[in-house]
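Please put together the full structure from these sequences, using the hints given.
Chains as they are written, first to last, in the working numbering: chain A, 1 to 116; chain B, 1001 to 1112.
No lab work stands behind these hints: they were computed from the structure. One should not assume that every hint holds.
Only pairs whose alpha carbons sit at most 30 Å apart, straight line, appear in this in silico DSBU-like list of lysine-lysine [unchecked claim]:
{"no.": "1", "chain 1": "A", "residue 1": "K57", "chain 2": "B", "residue 2": "K1071"}
{"no.": "2", "chain 1": "A", "residue 1": "K57", "chain 2": "B", "residue 2": "K1017"}
{"no.": "3", "chain 1": "A", "residue 1": "K15", "chain 2": "B", "residue 2": "K1104"}
{"no.": "4", "chain 1": "B", "residue 1": "K1104", "chain 2": "B", "residue 2": "K1059"}
{"no.": "5", "chain 1": "A", "residue 1": "K11", "chain 2": "B", "residue 2": "K1017"}
{"no.": "6", "chain 1": "A", "residue 1": "K57", "chain 2": "A", "residue 2": "K15"}
{"no.": "7", "chain 1": "B", "residue 1": "K1059", "chain 2": "A", "residue 2": "K57"}
{"no.": "8", "chain 1": "B", "residue 1": "K1017", "chain 2": "B", "residue 2": "K1071"}
{"no.": "9", "chain 1": "B", "residue 1": "K1059", "chain 2": "B", "residue 2": "K1003"}
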Amino acid sequence: GAGVSQSPSNKVTEKGKDVELRCDPISGHTALYWYRQSLGQGLEFLIYFQGNSAPDKSGLPSDRFSAERTGGSVSTLTIQRTQQEDSAVYLCASSPHSGTGEYEQYFGPGTRLTVT
Amino acid sequence: SQKIEQNSEALNIQEGKTATLTCNYTNYSPAYLQWYRQDPGRGPVFLLLIRENEKEKRKERLKVTFDTTLKQSLFHITASQPADSATYLCALGNQAGTALIFGKGTTLSVSS
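Structure, rendered in structure tokens:
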């Protein structure tokens, strides 16, 4: 079956512009996660959605970052007024269950964001 | 706060040998620990999950151990092959139960 898809695969933007990154999780997966991976760094948690519950936004690095998940499926991560330090690979993952740690996560290929 | 360390950034071994990767964690007692493989330009792929009451888990040539006293997991690849070359990540669920916390990974290179 189809895995997690993300678009675009690459995005180059100028400093100060807004960007939107999209994630299509595996159908039926209730949990959705966004992570960021900078060069030479580990994956950094950004935000978590679980069903209709309020998302856990504790990992968002600043108020320039926001995300939404519509209809319990597709998610969009928005970065406003991009800065060069926002350059990274943004990874989306989904899981069929909640209870993070107990269930495997399925990752998309990521969006490579470059802010010039 | 929770902390995970994978104490080798890179590991180089000869084909056919056993690769052993280490993951240490502090300030937390997780009930589960996961291992993922990540190839360049791709997202991580799940390999194995081990529970705190399981000392060892095997899958084909892979073996994971979980020592809750030492707060350590070991990941073994036996009879390693060049195709096993990748970055391997260990991960724990955070205490809030909302995300995985990942180590920075160990990049394994298997030479023929």
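>> Of all the hints numbered above, which does this structure not satisfy? Sort the numbers upward.
In response: 2, 5 and 7
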